[in-house]
Every structure is written in structure tokens, then in C-alpha cells.
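Whole structure, please, built from the sequences with the hints as guidance.
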Amino acid sequence: MDNGAAVTVRGLRKSYRDVTAVDGIDLDIGHGEVFALLGPNGAGKTTTVEILEGFRRRDGGTAEVLGHDPARGSRAWRARIGIVLQLASTGPELTVLEMVRHFASFYPVPRPAREVIDLVGLADKASSRISRLSGGQTRRLDVALGIVGQPELLFLDEPTTGFDPEARRQFWDLIRNLRGDGTTILLTTHYLDEAEALADRIAVIAAGRIVASGDPASLGGRDAAAARVSWDAPGQTTRTTVQTATPTRLVAELAREFGGEVPGLTVTRPTLEDIYLDLISEARP
Amino acid sequence: MTERREPAEVGKSGTAAILAATQQAAQPAAQQAAQPAARPTTKPPGTQQATALPGVWRLGIASGALEVKAFFRDKMAVAFIFGLPSILLVLLGSIFGGQAAAHGVTVGQLFTAGMIAGGIMSTSFQYLAISIATERENGMLKRLSGTPMPRAAYFAGKFVQVLMCTVAETVLLMAVGIIFYHLHLPTSPGRWWTFAWVFLLGSATCALLGIAASSVPRSAASAAPVITLPFTVLNFISGVYVPFNDIPHWMQVLGSFFPLKWMAQGMRSVFLPTGADALETAHAWEHGRTALVLVIWLAAGLVLCAKTFRWQSRN
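If you read the sequences in order, they're chains A and B. The first sequence finishes on residue 284 if you use numbering that gives the first Met the number 0, and the numbering steps up by one all the way, no holes. The second sequence finishes on residue 314 if you use numbering that gives the first Met the number 0, and the numbering steps up by one all the way, no holes.
None of these hints come from the bench; they were simulated from the model. The reader is advised that the hints may include incorrect statements.
[Said to hold, decoys possible] Derived BS3-like pairs (lysine-lysine); straight-line CA-CA distance at most 25 angstroms: (1) B:306 <-> B:141; (2) B:68 <-> A:124; (3) B:68 <-> B:141; (4) B:306 <-> A:124.
As C-alpha cells, then:
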């Protein structure tokens, strides 16, 4: 049934009263791919993801997740997806191990509970009550509950918001492990470095539309964008900067001109952040 | 039970588990993608029907047992849901217990019978309404609805939990009545039959109404006061905190529209001595009318649950 893409979306639409949240989105996510959906708050990221998770109904378009319409997701379909949601810290009076075991019992082939707890780095908190976990530990539990069923497709909506830098790095390693395991991952994030570090492909969403998509290196024409070559020309107080599509040729010319080292030479391309901010500002009405 | 699929992992040390997880992660993606439902390293040997989804009853009973555990660990639930009726029974019985009602009935017996009804509603209606509202507002319900857990298993678990806690609550109140107020356990099968149907019909009705009422509070923080205030008023007008004959007529009329008054009356018919029906406002136990009122509320509760239950917060 789903020998094609893991996720296929065509012309997806969703409005809340008079506000159009999602305005005709197309997406294709391949099996085993880590796909990042980037965009500012209110761009339609969460609405799109919640439609694909089966939490919201779409107004128009088609959506197929692992070969099924998410609006009519069966138990068997739910057993193949994992959703990481943020739970408030006021959980029931259960321990981490009890909670993970409880969720594991819903799935036909769960990961062993202790293995999942180790995987998210909560091994020493396995017998702590959920209500006594710190914010960061609660988020790790969220991830544990999302992956305990060995999902083929994992949804992560802004998973590292509120993480300290070390926790983010550990989380990234976990995502890479899951990817190595063959898990397809749909990630939404505000953090460009996160998308660049994890994603095979990125789509930028703004005002309910996809404004660009591609791999992190070529998104929005990043690879083809003009490079900036700067150097300290003798006798001038400011640096000389030239934008060029052929930086190598320019550097070679400069090297000949200077007869060796070019003083203060730098060659830069736009960062993902430069590209992203351009895309977002173009999409603003 | 062969369903618990965690062989030997309990004894495995943390590092060994991480190692196993890393090895698993290092497997080629193609192999995983080809057989997503049966990954060799994590599927323990001897597991049959690896792709079968767990059954509703097994999950319902397991989650009910877990909820009972969570209930008795929750200080709020133990103090205000489970303990309060017994504390009030001791207080009220001690303050007013000196007075004899009539027909060989003591005020202590009257309070015990009423408080058993109040206790049933406390562990069913009050607890379910507060705890489900909290689960909805903190995202637990949404999270559960995103898993392959059958939705019926959630409700089955709640009913198992309510049944266990309500039985325990009733036993506790009966013990307080026996120890302090010369409560006599019924000896005739007829009275035990009355007890059984009033208990079951009453707790089922109150549980359904609790599930329905859980949609009223708009936040986890407001759940307890929003549910507890009307429940407290209901206890006063239903003959639980004050003998039914002692409250004004208009309160008696108002109380008669709700199930708690009838549950209390039913419990009085079980625990009070023969002839005590003369003390009732209708001078009879009115079992038929009690059953009718409870069945009507049961049906109303079912309809309300079906119409109002949401797995996600409105916020």
C-alpha cells in the first residue's frame, strides 16, 4: 500500500473561521527521511502537522500518511506512527517506568520500556514520579512515549524548545540514532541550526504556503547564490567586497595580482539563516 | 501472560541496554524499512502474533489497575475524595449522634447510610470529573488519542478504577459506622440485593455524569473547585450532610431531581432497622422510583458523554 512516499500531501487547506492557516500545501516525504518544516509562529506548521497526525480535519486537498488518510486513521495505522507531544509537568502519580510501560502496552511490538528510558537518558530517573521531573526531563519522557511503539514515522513538533545546549546535542544524537534505525521523521522547529544539523530536506512555510523546499545546502538557491569575496586592498581603509557567481576565478585573479597571498581574504556564502529570513520577508503581505 | 514483552531487560544494566540500542541503530535502514513491524533485534524470541494489537479488556483492566495505584498515591485524592466522607461522618455523628431519631434509629446510623451514598458519588462523580478535566487540560487525553490504544480501553480503565475505589470507600464507611454508630450489616438476602443494585446503578450513573461534567472546567487548576462546589451543595440537599427530614421543603424538592437523594434513600433502606421507612418523607422506601430516577440519569449521562466528550482541550 505504501511503497511510495511516507507522506504525500496535495493542496492541503485549513481555515479557522476567517483565518486561513494552511493555504494549499504540497509535501512529499520519503521513507527514512528526516524532513524539517521551518517557519515563523502562526505560519501553519502545527496545523499541517496536526492534520497529518489525525488530530485535525482538513478543509481541502488530499493527505496520505503511510498509505492512509490520517482523517480516518485506524488503530493499526496509529501503531505505525509516533507523536511527541508536550505534556504539562502535572502528570499522574506514576513513575517514569510505569508510564512508559503503560504506553508500551498499547503497541503490538513495543521497544522494551527500560531500553527506551535509557535511550532518552532517563535511566537514573526510571523510578521517579513524573511530577518530580525537571522541565528538560519531562521533555525526554515526552520523546520516550513517542518512540516506545517503534514508529515507522515520528512526528516531532518543536521538540527542543526550552532545552539547554547540551540537552539539544544529546537530543540530536537520539534523532540521528532513530534515523539510522530507518525511522522517517517529520520535525518542526524554529531553530535553523537544528534543521541544518538533522534534516535531509527542509521546507519553509510562511503564511500557510510552502515558499521553498530542498536540502539544507541548496534551499532557496543557497548553493547558487552569489558568493561574497572580501580582501584588504592596499592603500584603502575599508575592505573590498565583491559579489560574484565565480568566486574561484576571482580568487585566482587576485592571487595573480598580489603574486601570492591575498591579504585578509574571505569567501562566504549566505547562511541558512540569511536564506530563511529572505524567504520569510518575501512571503509577508 | 505472554503479552509482557520485556524479557530479561529488567536485569540488563544501563550500559548494556544503551549498547544494544546503539547496535540496533547501526542496522541498515533498508532492512528496517522492509519489515517495519518485526525488527529482529527488539522482537524477543518466542513472541507470537507479533503484529496483533492488544485487546480492549486486557488494556482496560491493566490501565484501571494503574489508575488505582495513581489514585492512592495522590494526596489530594486520598484526603479530599477518599478520606473526607469518613472524617465528616465521624464529625457529624459525634456532634449530632446523641439525638435519637425514632423507631429505634440512631442519628449515627442515619448519617452512615447517607454518607455511604455520598462516598460513592465522591469516588465516582467527583473524582472522575476532576481527574478527566485535568487529563484533558494537561494534554494526557490528546496524547492517548494519538496512540493505538482503543478508546473503549480508556473508559474501561476508568470504570475499573472507579469500581475498585468505590468498593474500598464503601467498606471504609461501613467500618466507621460499625465501630462508632452501631451500624448493623444487613442479614437478609433481600437487603443485600437492594445494596447491590443501588451501589452498582448509583456508581455507574455517577461515573457517567462525572465523565460528562469533566467538560465543564476550562483549566486544570479550576477543575477541583468547579466540580466540588456544586457537589457539596448536592450533599446538603440530598440528606447526606444533614438528615433529609431536617432540611426545608424546597430543598427536599430540589434534591429529589438529582440521583444522590435517591441513592441515600436506597442505602437507608439497606442499613436502617425495619420500620424506619416511616421516617421517610414518603413513608416508604420507594425502591421503584429510586431505580427509575437512577436509570433516567444513567441514560442522560450516556447521552451527555457521547455528545460532549472531547480528547483535546478547547484552549
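Now for the hints, and whether the structure bears them out:
1. Annotation: proposed proximity of residue 306 (chain B) to residue 141 (chain B) holds, straight-line Cα distance about 18 angstroms (limit 25 angstroms).
2. Distance hint between residue 68 (chain B) and residue 124 (chain A) is fulfilled; the C-alpha atoms sit about 19 angstroms from each other, no more than 25 angstroms.
3. A threshold of 25 angstroms between alpha carbons decides the hint, and for residue 68 (chain B) with residue 141 (chain B) the separation of about 22 angstroms falls inside it, so the pair holds.
4. Between the alpha carbons of residue 306 (chain B) and residue 124 (chain A) the distance comes to roughly 40 angstroms, so the proposed pair goes past 25 angstroms and is violated.
Violation of the numbered hints given earlier is confined to hint 4; every other hint is satisfied by the structure.
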